[in-house]
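> With our numbering applied, the sequence shown covers 116 to 681.
Since the hints were made in silico from the structure, they are not lab data. Because the structure is a prediction, the values reported are computed rather than measured. One thing to keep in mind: the hints can contain errors.
Cβ-Cβ distance ranges computed for the label pairs, FRET-style [what the hints assert, rightly or not]:
#1 Asp423 <-> Thr391: 26 to 36 Å
#2 Glu425 <-> Leu288: 34 to 44 Å
#3 Glu425 <-> Arg490: 11 to 21 Å
#4 Gln277 <-> Met527: 38 to 48 Å
#5 Ala363 <-> Arg442: 22 to 32 Å
#6 Glu191 <-> Lys356: 48 to 58 Å
Don't be surprised by glycine CBs; every beta carbon is placed ideally from N, CA and C.
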Amino acid sequence: MLTSRMMTNRQRTDTRVRQISGGAVWNVGGSSAASDTVLAVSNGNGGLLGSGTNAPLYTSMFLSRSDPDAEREAYERRIALALNIGQVNRILDYSRLSSTPASTRQSGHIWKDSAWIRDGVSKLLDAPQLRDDYYCSILAYSHNAKRLAVGLGNYVHLWSEQSGVDTPESLNLLSSTTLADTQHVTSLSFSSSNGGQAILAVARADGRVALWSPFESEPRFNATQPKPISCVAFKPVTVKKPSLRDDAMTVATEELLVGDEVGHIYLYSIEWPTETESAVFGWNGAITLLARIEVHCQQICGLAWTPDGEFFASGGNNNACYLFETRNVLRNPNSGDIPSGTVTVRQGPDGESIYAIATGHNSVRQVPSTQAKHRWELNAAVKAIAFCPWQRGLLAIGGGSNDRCIHFYHTMSGACLATIDCAAQVTALIWSQTRREIAATFGFAQPEHPFRIAVFAWPTCEQIIAVPWFDESRALYAIPYPGSPVADTTDDVGPRNSGDRSPGCRRGIAGAEGCIVVAASDAAIRFHEIWTGGKIGVGNAVGMLGGSDVLESLQGIEREGRSTIR
């Protein structure tokens, strides 16, 4: 069960907690040289290129020696940020009313490690039975239901700002036919926001995928896969299709990717009528298996969609990342129709109908590796995958403990645009919605360093912040969250009035960006506010694709004064 935790801060007050880089790092000597962690070659101009590519290799500053001037500047920025003071103002106006909520002013919170914490202690969500497993992705957030889903061991818990923790019994019924230690939750994903249904996909190690909505009391579908499930991901937009109940009607459907431990990926279409429609027509909807993709030979570690759903990428334990165009996956060269999986119905323990999908080699569209648009090879497993929301054609992927880098690719051409050596296993990547930056979380570090969260600018790859965790825990997974990290004075997460604040939910400074929620190896869920202030500005711009005129022209970005050869 999720509860809030009082965590003693064992770090000395004079220890460096945030690091601001002075610019793009091309060649750093000493202990932080790129050659200590990844292979690189000189570009002849004082910079580095990734081995086997023409893409520049940048190096994080995690291992750099401290600069007193940079330390002082970072300290001044943190103080100004914590006090909500603009550094351009030379005179403090004490007549102004503070914009900081009263609850924050009275509780003695300070800004530290890019997070709001109480002096001497940190309030976290305690998450017992959280698996210390790089391959699990056990966080998901629904904007429709305003709930954070967390998978702890065999159980799924829901946490919201108003009502605290809920553990739905119907969602956590364990199968008596399998061992309890093989039923743990491996991945969670909520359906698209524009669909409005807040369907939660719960993947388990015994091969089951349950589909359930917080707006309903019982799961509607329970799909059983042939192999253990390792990853699930809903398409971020709905797809208009003829209804399976009445093909004269067009309905909005959801699409779901399901990856298993042997490298197979299944694409499902889900028709989910409202409760009113279900009651009127006596029909709970349908789940259809559209395609089976066989490109990875080992466990699926990560799945991600483009914001428009036109492309998706898969990362595997075989060190490969594949990019697919959705329409090509669904196109059958032999016929105009796509065969679907077989849906069977059985009665649940309370008399409810549970739908199961039987998957077979002859029942669905088979997609070979030749159908992939691109294939990228890393030096370790690929879990962290993120498509840029404001620059079409830009993809970031992170490598595991033998790779320790963030790689940026152009999805149309497949070209590598840049690489950042992070000296750590990359466990999650999150693009900012309001500025040209990307956040990364880290697991095992090599060489050892305490930094578990960092933000880099794009396209300069400048390190903006670095957040250390001094308790030696690791970041296992992270997702964006529309709130701010602040602890209140209560010790337990429970029912609250609608106007109350709860851990991780201060909306003052974060604004539209919110914060990130991180699952940590010390069985805790941490909230970090890493983007503050107003919107910097995003969108297609010159230089966003590695400075290549050719790649930018492919995306419709024209440089002013550039002549076109026809």
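> For each hint, tell me whether it holds in the structure or not.
Hint check:
no.	hint	result
1	Asp423 <-> Thr391: 26 to 36 Å	30 Å, holds
2	Glu425 <-> Leu288: 34 to 44 Å	37 Å, holds
3	Glu425 <-> Arg490: 11 to 21 Å	18 Å, holds
4	Gln277 <-> Met527: 38 to 48 Å	44 Å, holds
5	Ala363 <-> Arg442: 22 to 32 Å	24 Å, holds
6	Glu191 <-> Lys356: 48 to 58 Å	56 Å, holds
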